[in-house]
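Q: For the record, the sequence lines run as chains A and B. Each residue of the first sequence is one higher than the one before, counting from 1 in the working numbering. Each residue of the second sequence is one higher than the one before, counting from 1 in the working numbering.
Check each hint, because a few of them may be wrong.
Partial selection, computed: residues in chain A whose CB lies under 8 Å from chain B [unchecked claim]: (1) Leu592; (2) Thr680; (3) Glu712; (4) Gly713; (5) Leu720.
Just so you know, the hints here were simulated from the structure itself, not pulled from any lab data. Backbone N, C-alpha and C fix where the C-beta goes; we use that ideal spot for every residue, glycine too.
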Amino acid sequence: MNERVSRLRQESYDAPVTLSTERAELITDFHIENNGKFSIPVMRAKAFEHLCRHKTIQIGDDELIVGERGPRPKAVPTYPELTCHSEEDLGILNSRPNTRYGTTAEDIAVYREKIIPFWRGRTMRDRIFDGLSEEWKTAYEAGIFTEFMEQRAPGHTTLDGKFYTKGLLDFKRDIEERITRLDFAADPEATAKREQLRGMSIACDAVILFAERHAELADRMAAKESKPERQEELERIASICRRVPAHAPRDFWEALQMYWFMHLGTITELNGWDAMNPGHLDRYFFPFYKRDLNDGTLTRESAKELLECFWIKFNNHPAPPKVGVTAKESGTYNDFTNINLGGILPDGADGVNELTYLMLEVMDEIHLLQPQGNIQLSRKNEDRFLKAACRVIRKGYGYPSVFNADGVVEQMVRCGKRIEDAREGGTSGCVETGAFGKEAYILTGYLNTPKILEITLNNGIDPRTGKKIGIETGDPRDCESFDELFEAFRRQLLHFVDIKIEGNQFIERMYATYSPAVFLSVLIDDCIENGKDYNDGGPRYNTNYIQCVGIGTITDSFSAIRKHVFDDKTLSMSDLLDALTADFRNAETLRLKLVNKTPRYGNDDDYADKIMMRVFDALHTAIDGRPNTKGGEYHIDMLPTTCHIYFGSVLGASADGRNAWSPVSEGISPVQGADRKGPTAVIKSVAKMDHLRTGGTLLNMKFMPSVLDDNEGIEKLAQLVRTYFRLDGHHMQFNVVDADTLRRAQEHPEDHRDLIVRVAGYSDYFCDIGRELQDEIIRRTEHQAF
Amino acid sequence: MTKTGVIFDIKRFAVHDGPGIRTTVFLKGCPLSCWWCHNPESQSAKPDILYRRHLCVRCGTCVETCPENARSLTENGVERDATCCTICGTCVDVCPSGATEKVGRELTARDLMEEIERDTPFYDQSGGGVTFSGGEPLTQPDFLRELLERCGDRDIHRAVDTCGFADPSTLRSIAEKTDLFLFDLKLMDPERHLEYTGVRNELILSNLTMLAGSGKTVHVRIPVIPTITDADENFDAIGRFVSRLPKPPHVRLLRHHPTAMEKYARFKMERRLPDGMDTPSRKELGRIASRLTEYGLEVSY
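Can you make the complete structure from the sequences, with help from the hints?
A: The structure is reproduced here in structure tokens:
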């Protein structure tokens, strides 16, 4: 990277994360002044316009792509209309050891005097908690599930390529035209639609205005600039900000800035989950790149500099400050912007181009926390593409992650999407499948599957609190067969899924009614044509996901019960339950037996894997296809973010030998340390799940850097990925392990049992080899880091 | 009737034992006892009991259940009296922590095939297959032959990793059913060969000549062991010998990893290789490779 990029990157890396009350103050002022004057969509739009008109803007030294959500990089705004932080929340945000948000005494005073008095009782969060049933709250507090919309707006959305050929003025014309077609005589919703469409039109003006303010600022800065090169850049920035987003971009630089204004618009309007995802940037930007190269107005190097400046902008935007359970389920600054590369074009052709490779280089050089990147790997893509990605993976940043593009399309087609729309789609956030620019695919919350087994084993009672939170499915000591126990679990599961979905239907209506996303609705088909909001079923597709967590833990727990209690009969259910209640106190031998003498998921052992498939089917049957309130359906995802730690923290000891309150398994990965037969066995096990019936699954794999240190290693990694995708696997990400991890593995071998290290002409499990050898490998690994 | 053999390990996702993603099956028993052997537990043909002290929780279950009373609990963990232990494996079955493990298990070729076939999707995708290694796989020729036949029936690519010290007619019969030989060459001087591996090398060299002449694909693998195999005159002799073979095989240099020497303590075996022996550097391997290249050989490392 060049000197400019290197400096901007360092500044972004070094900038402290702080909380900014500016947005909260502006939105509060607006509401105090205008409450009750407009319909809700128009009110939201005017409030958005107020933000765009008055928020502090800045252009950083040497920046080429401009605009920030906050008043400065990494100054994170709040959204009191959704969640009004208490003084205590602000104190915690300022002092907590992880994901801290710097807060000043003045910030707290502003909240105390202005924000809290106005919003307390009026926020979406307050009203949602008021309206939810006791049953829901009890299950929520027990940690059966989480709720994504309790403090952030519905999101997990990805934009497509439509605004690279159309400016916001063109969208405005579409909106006006749609209003003229409203049939007030025949359509009872015509008035509601008109208000929605008006709001959308105002939102377009707001973002154009926001860009114009940047143009004016750039002009003022150019006038004062002493360096002629920078002066020229600022003049160019001013002209770009006058062109986009009002009009379609004409060149590469304008296209990048176009996206960036769309990004800022959507994340200023609401704090939807996953910030915003740009979709297939390589394919959207490619026509501009090619044209500019041909015209001689761009070189590969200058394109790379612009891309790198663009990349860095994402890192300036940490996630909005999360509190409570939401902070636990997603405890990270990362706001999950995930850039898709490669894949298949809507017409079915190979989607990889020159820019794809350039973007992989950018990813490799910038490697900040954000944005994340992934490759969408189709069987139509060349191996060269996959290998180029593997060379970045080898560096150990944990990205790009790798997705099965063909499988992603099949998942969407299964749910009734057009194949063209499916190919235009991909994955965003962590691993979630969606049709970019055409779908609201909402993550609704995580489901703690091992906890539901625990409730089943306690006949409806949560042993942590002694409260009855589930239904009575019978005393498991009376179960005569494994099938009987499984049936009890299935009934308990249905009970909780009902509660979760009932709660969601209510929350969904709350957002549809009170918190429309008028700007986002402009960008998602077919909100304009339907005259409906993104949050109210306006998009072409409307999907809700429930993300199931702990498949490894629940599978191994069931497997242990089946093996030792029902098959071998070497353990009574009563003794097992007593040991679980006592967290294996005085029963360490039993615990070890459960750990080591149980067929476990992740070893290509059908005994365990068939149980996994049975649990998966139960989850699928309980959730898949249930209607939401927006004309769409619920589907399942298998991913955890950091929720497996939270879910573990509310779960007592489990039958797989896991101690109380420790994490459950993550994603669809086996329980930490349970897989002992290497990566191919893990892949075989996890691929027995039918990934095509999900909207995304997450598989983590760990490798020593030495496994990947030559072309042969890269080649074999690539083949491993290809095989997983032949088996319909959805996603894989790689943890190329460093010496620190190895040291932790030495201290806590029980958590790192699956760590494979290359020793000599053979590989071994790190924890199985002697201390001396471990030390040697750690030294070797450190050496390799140079 | 399916044959029974003794293996001591199966490694899936083996990536350095031939083309593609492979499963390497390690057969137990070896006629050689090389000083640098990375798998010393493979030398004996018999199964054995392995004890990992750091995993043992001193629960005493194995002591109580041992039918021969061969185990006792001491300050240092569990001691095993090898004179009365029959390697029945009861201790392994009952050990809750996995500290006691059996090295070597007897199984039929049919059962082993089930394991091998598990990774067929990976072989298909990557052009991989199975590699029979050891130990020395040719010490169990009937078992090996059946495995090779069964793999052939299922269209699984077969590699045999051998030290070459085998009866020529046995080797010929195995070669008929093998797609690739990984043939180890260590020392060209017969006396030194005897000293460091326990056998002379004339049989090995004539077997290599025979295989190379048979039209089989052979890769020669040379372990680079500092002070033992890494002398220039050894490589010159290897270079001369290999380059005069009918179809000069590809040569691959294998680096010695002193780390594997840790196993000798684990298996209570005498270790003859001195301490402090380093892994040869990439640079050193490069130097050796270019020396061999002068003989017209294709060399990788």
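Q: So which hints don't hold here, by number, going up?
A: As far as the earlier hints go, not one is violated by this structure.
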